[in-house]
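Listed below, chain by chain, are the residues.
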Amino acid sequence: MYVYDEHDRQIAAERVAQFRDQTERALAGELAEEEFLPLRLQNGLYVQRLAPMLRIAVPYGMLRADQLRRLARITRDYDKGYAHFTTRQNVQLNWPALEDVPDILAELAEVEMHANQTSGNCIRNTTTDQFSGVQSDEIADPRPYCEIIRQWSTFHPEFAFLPRKFKVAVNASEKTDRAAIQVHDIGLQMVRNDAGDLGFRVHVGGGLGRTPMVGPVIRDFLPEADLLTYLEAVLRVYNRYGRRDNKFKARIKILVKALTPEAFAEKVEAEWSHIKDSPSRLTRDAIDRIQAYFTEPDYQSVDNATELLAEQRFEHRGFDQWLSHNVDTHKKPGHAIVTLTMKETGTPPGDVTDRQLEQIADLADEFSFGEVRVTHQQNVVLADVRQDRLLELWQAVVPMGFGTANLNTLTDVICCPGGDFCALANAKSIPVAEAIQRRFDDLDFLYDLGNIDLNISGCMNACGHHHVGNIGVLGVDKKGQEFYQISLGGSSHHDATIGKILGPSFAREDMPDVVAKIIDVYVDKRTEEETFLDTYRRVGIDPFKERVYA
Amino acid sequence: MPDVISQDGSIRQDDWIVVPRPAEGESLDIPEQSKALIPADLWLAGYEHFTGRDDIGVWFDSHDEPEMLAGKFQELPVIAVNFPKFSDGRGYSIARLLRERFGYANELRAIGDVLLDQLQFMKRCGFDAYVLRADKDINKAARCLNFFSQGYQAATDTDLPLFRRRAS
Chain A
5 MYVYDEHDRQ
15 IAAERVAQFR
25 DQTERALAGE
35 LAEEEFLPLR
45 LQNGLYVQRL
55 APMLRIAVPY
65 GMLRADQLRR
75 LARITRDYDK
85 GYAHFTTRQN
95 VQLNWPALED
105 VPDILAELAE
115 VEMHANQTSG
125 NCIRNTTTDQ
135 FSGVQSDEIA
145 DPRPYCEIIR
155 QWSTFHPEFA
165 FLPRKFKVAV
175 NASEKTDRAA
185 IQVHDIGLQM
195 VRNDAGDLGF
205 RVHVGGGLGR
215 TPMVGPVIRD
225 FLPEADLLTY
235 LEAVLRVYNR
245 YGRRDNKFKA
255 RIKILVKALT
265 PEAFAEKVEA
275 EWSHIKDSPS
285 RLTRDAIDRI
295 QAYFTEPDYQ
305 SVDNATELLA
315 EQRFEHRGFD
325 QWLSHNVDTH
335 KKPGHAIVTL
345 TMKETGTPPG
355 DVTDRQLEQI
365 ADLADEFSFG
375 EVRVTHQQNV
385 VLADVRQDRL
395 LELWQAVVPM
405 GFGTANLNTL
415 TDVICCPGGD
425 FCALANAKSI
435 PVAEAIQRRF
445 DDLDFLYDLG
455 NIDLNISGCM
465 NACGHHHVGN
475 IGVLGVDKKG
485 QEFYQISLGG
495 SSHHDATIGK
505 ILGPSFARED
515 MPDVVAKIID
525 VYVDKRTEEE
535 TFLDTYRRVG
545 IDPFKERVYA
Chain B
464 MPDVISQDGS
474 IRQDDWIVVP
484 RPAEGESLDI
494 PEQSKALIPA
504 DLWLAGYEHF
514 TGRDDIGVWF
524 DSHDEPEMLA
534 GKFQELPVIA
544 VNFPKFSDGR
554 GYSIARLLRE
564 RFGYANELRA
574 IGDVLLDQLQ
584 FMKRCGFDAY
594 VLRADKDINK
604 AARCLNFFSQ
614 GYQAATDTDL
624 PLFRRRAS
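Residue numbers (my numbering), protein chains in the order written: chain A, 5 to 554; chain B, 464 to 631.
FYI, nobody ran anything at the bench for these hints, they're computed from the structure.
It is possible that some hints are incorrect.
[Claimed, not checked] Simulated crosslink set (BS3-like; lysine-lysine; CA at most 25 Å straight-line): (1) B:K535 - A:K271; (2) A:K432 - A:K84; (3) A:K482 - A:K521; (4) B:K548 - A:K251; (5) A:K271 - A:K251; (6) B:K548 - A:K253; (7) A:K169 - B:K548; (8) A:K271 - A:K253; (9) A:K504 - A:K482; (10) A:K179 - A:K336; (11) A:K549 - A:K521; (12) B:K498 - B:K535.
None of the values given here were measured: they were computed from a predicted structure.
Work out the full structure, taking the sequences as your base and the hints as a guide.
In structure tokens, the structure reads:
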């Protein structure tokens, strides 16, 4: 994991001092609310429905045990004793006091954390696959490139006041895309060209929200050394020509669509031709230096514990289920990747208490070299667990509430905080997630249904990524009443697709029934081996419409 | 007359007047006995008349494309870039283009909705003079120009990104 050097520490300390000064000027009335707004947003601070909300950055999802413990302490000392993992791999506090935020940022800086650019019209936290570096099918570890982008984008003087927020994601696996890169402003797929050189396929102009789009490819191969200069060219074109007259049309996807991807790509290439050989071109030394932080931990050489696990899963049915669903194969023999699902029914997806944060820290120290990753599905990953210790780990996590063996099933819901917390929301989302989780509480039935992405957002801003859920739920407001619109067939993976709206929306109390009818159609129509998405793509939306609106 | 802040934070009296874009049907009203900054496209339109004068500079609005004056920048003693709203970040890109692509070397000033907390970004993008919005405390400018002792990126103030400085 990346470790700050003296430069990073100094910049972090200066940032805290700057925000303390800004906060003091705001509280003294020297800064108008509209002037303070972008400054506080670029320090992660929202003013929300019930209290301020502080969004803390977790660059590309990586957290160390000491950072988790500090987060736990901060939630106790400055908040109400819990935090929330978001779909941006970030952590949110829901009740900090405005005047405490500089102190919170100072505490975070002590453990090499920050809230830089977690909001506002600037380049946001770069996200990636939570299994980076431990799976066997990746082109290369994407995390060093995410860190290179993090440093470049931090306080970038030219791009702090963009037309709108700007999100970059990197994926390195050829088989899967756990980073949803095609629904980002820039999505970078790591590839190798015919000569074996490492580079990126560049998607630009994807995104969710009011006008969801899958990002087209504007460059098939960008050599790794050109990463920053090319990003700079894309951002410069967007900064100059992105719309600023209408915030709903200000995202880069609108510019790409208006110009056409080809014409946009030409503009970028023209811009890039001037700067591609500038000193911002990455050097081998610079890449090597960052890569050195992401070397393998000190794995012990152990063999696969196949027989032991077979024995253990025979004895413990719950362990068997957990192993089948929440544990993935690891590139190193004798190791496994474990996902702890923060999806216990009755707990809002992604919510963790201070005590749980400390428990996760202890688990990280005990089982996974002191590190965890947070996922955009709002779960936590222990990436380096020895297979012969999986049973012990499972026995530890079940009583903690994050051993639910439902990863990637219907009840592993992605859900934004919704109207319970968020000032932007049109409707509550957490109670919908909970009602559906209660309705589908039979694990065997869930396993029979296979992988289904159910994503819930409380408003058009789509923090719950409802457009790319196989089943998407969007909260809408109709004359002060909360209703829920369903879309089907979305995907955030390599086959990225925006879901199609099923029809008129439903009352909240009807949602479990509606989802049950949709599932019934799938069960009726599927052929063996078909996932929900496969069946939907084969039979289309009509059978679902007929059943739900019958 | 407002004061102008230099890159080092010092304050001096401003002797340039920004001439607004004339309304339709009106002509450019350049004050006598003062140095004047006029809209860049109008300078270009009256090029024969304005060229070579050290008392006439131009200003770009945030949607202007500085490319329109390609090849002529060095003739200008001062270029100003207007920030119609502090949250409109186009001026930063314009400044970098002027400095880095077109090699403009004379004074480059930020005008309009110029606030304290944007000054360091402006400095890094190549502005070396700033006319702060009148209600802001000019005495705090020097500190705000220097909140950070360094930046990660290459920009106009340093052509070496931090990754290159780390290597040396």
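Hints and how they fare:
no., hint, verdict
1, B:K535 - A:K271, "holds (23 Å)"
2, A:K432 - A:K84, "holds (21 Å)"
3, A:K482 - A:K521, "holds (24 Å)"
4, B:K548 - A:K251, "holds (15 Å)"
5, A:K271 - A:K251, "holds (23 Å)"
6, B:K548 - A:K253, "holds (18 Å)"
7, A:K169 - B:K548, "holds (17 Å)"
8, A:K271 - A:K253, "holds (19 Å)"
9, A:K504 - A:K482, "holds (20 Å)"
10, A:K179 - A:K336, "holds (18 Å)"
11, A:K549 - A:K521, "holds (10 Å)"
12, B:K498 - B:K535, "holds (19 Å)"
Comparing the model with each numbered hint stated earlier shows that all of them hold.
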